[in-house]
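Protein chains in written order, with numbering that gives the first Met the number 0: chain A, 0 to 288; chain B, 0 to 288.
No lab work stands behind these hints, which were simulated from the structure alone. The beta-carbon is built from N, C-alpha and C at its ideal position, and this holds for glycine as well. Keep in mind that a hint or two might mislead.
[Unchecked claim] Heads up, simulated DSS-like pairs for lysine-lysine below, C-alpha to C-alpha not over 30 Å straight-line:
#	chain 1	residue 1	chain 2	residue 2
1	B	Lys266	A	Lys264
2	B	Lys209	A	Lys209
3	B	Lys75	A	Lys266
4	B	Lys246	A	Lys266
5	B	Lys242	A	Lys242
6	A	Lys193	B	Lys193
7	B	Lys235	B	Lys264
8	B	Lys188	A	Lys75
9	B	Lys209	A	Lys188
10	B	Lys235	A	Lys242
11	B	Lys167	A	Lys193
12	B	Lys152	A	Lys188
13	A	Lys264	B	Lys209
14	B	Lys167	B	Lys75
15	A	Lys188	A	Lys1
16	B	Lys188	B	Lys39
17	B	Lys235	A	Lys188
18	A	Lys235	B	Lys242
19	A	Lys152	A	Lys39
20	B	Lys264	A	Lys268
21	A	Lys242	B	Lys246
22	A	Lys193	B	Lys188
[As the list claims (entries may be wrong)] Derived, one-sided and incomplete: chain A residues facing chain B with beta-carbon distance under 10 Å:
#	residue
23	Met53
24	Ile136
25	Gly137
26	Leu141
27	Phe157
28	Tyr160
29	Glu162
30	Leu183
31	Ile186
32	His201
33	Gln202
34	Glu265
35	Lys266
36	Ser274
37	Met275
38	Met283
Protein chains: 2
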Amino acid sequence: MKIGIIGGGAVGLLFAAYLSAEHDVKVYTRTRNQAEILGKQGLDLYRDGEVMKMTLKAKVIIDGLDEQDLFIIAVKQYHLIELVPMIAELKIPFIFLQNGYSHVPIMTNMASPTVYAGVVEHGALRRGLNAVEHTGIGLTKLAAVKGSGLLLKEDSSFFPYAEETDYKEMLTKKLAVNAVINPLTAILKIENGKLINVPYYHQVFAGYLKEVAGILDLDRASLEEHITQVCQNTYKNRSSMLKDIEKGQRTEIDSITGYLLSVAKEKDKEHSMSSMIYSMVKGMESQGG
Amino acid sequence: MKIGIIGGGAVGLLFAAYLSAEHDVKVYTRTRNQAEILGKQGLDLYRDGEVMKMTLKAKVIIDGLDEQDLFIIAVKQYHLIELVPMIAELKIPFIFLQNGYSHVPIMTNMASPTVYAGVVEHGALRRGLNAVEHTGIGLTKLAAVKGSGLLLKEDSSFFPYAEETDYKEMLTKKLAVNAVINPLTAILKIENGKLINVPYYHQVFAGYLKEVAGILDLDRASLEEHITQVCQNTYKNRSSMLKDIEKGQRTEIDSITGYLLSVAKEKDKEHSMSSMIYSMVKGMESQGG
């Protein structure tokens, strides 16, 4: 299958690495530099101290997209809007891997009859323009937004897929996970595991989780069980938001906590902690870390 | 006047420095080392790039207190309890300089007929065991808890006093100031001024101030005006709580936010942000910064 992966960050490169073993993969990047390095030198996949060299094609996004059998969109939510004019009218299958929920209208308005939402539960760290480390073996969940029949076949036991039936529920649950873990770890500057292992941080975690469950109308107890599990599975990880703050980069706070706040206001739900957390992270972002 | 100052931290040394110009001052310290250095080498007061050497007496607290005309208690709230057996029965005047409100029962139960509460609005930084920098010229507010007539006379225009009539109101207002500025600057790792100068941090400040005003039944608008003024006057300062967290030291979170939470629970007031802030700082404290 010819697969186009748009986005050369950690998630895009992780998908490119695993899919290139069986498919004809082309990575579309934001910078010409990255496209050239990927095309010439290939992509290094690090896992458990080993490195595998994968070969693939690469091209800079602004040079235009080519005919593909499937596009996987792996850019951050806040870059998605620039991409819409290039993809909205294409009639080929799409998988969208963004966090948050604000990309739902983009997905439902695509001309393509086959659009899937995906939720990536792997740990991945970009180690260079053409190197990605698979830091935590997880799962990619896929749920149809439109159409059916598009499920990537598992080519590697390290990179499994699971089909979910309700994409809204899947994205909402992932939003809740991100809303609790990402900003709290970014503000407290801690690895995910400390949210459950340090007693006072666990109080912050449990108190805030209650507000998030209330806003999203999720069952508090089962959400707590789920997010606790995620923290255990990724206990040594530094969340993407923490890493972004440490690097002085833009975070996904708007598509996560910003979206949550819009839901809370619409439903008239208690959101004082979410407001405080949002402004704290926005302030850190504005100060460059 | 013979004045005993108990506590060799920044506030104790600042009072010792200014009072020793006109009075017979003895500083009571927790460590023998500090008492020896203060007694032998004197105390250096830094202000505006100049340094003044003051001579005074010093003694370690556990060797016992001596006859004095006035005691000024400048230990942290959480060390006060150990001191109570040594001072509770003394019949001479006292000034207590603690933050928070939990020391009110200790003050009202003193055998002394003359007990004042003080609120220190100076900036002070201990630069060594016998050196203190006066980083911000402010004011010491004094209000009678019991008795009257004890107001320190202004000996230096750099170190003025003002008498307040209602000690409960004075301490409550100071509690509100500390409750907003200290934990927020400690969590965000910022100087006081950024709470009002960085737009998103100002949102955190204003949002949290509203909750604090609600808990303490203070007028929100005048509290905001007051705390904004304090942040302007101390805009370059790092709060004591931020410094404690950075040094991995115990903070005053229990006597400030912990006390605030006990009031909120008693009065059944909204306190979700205070709970979160309390647990964040306690967690940072438990992790050593």
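Would you list, in rising numerical order, the hints stated earlier that this structure does not obey? 3, 4, 7, 11, 12, 15, 16, 23, 24, 25, 26, 27, 28, 29, 34 and 35
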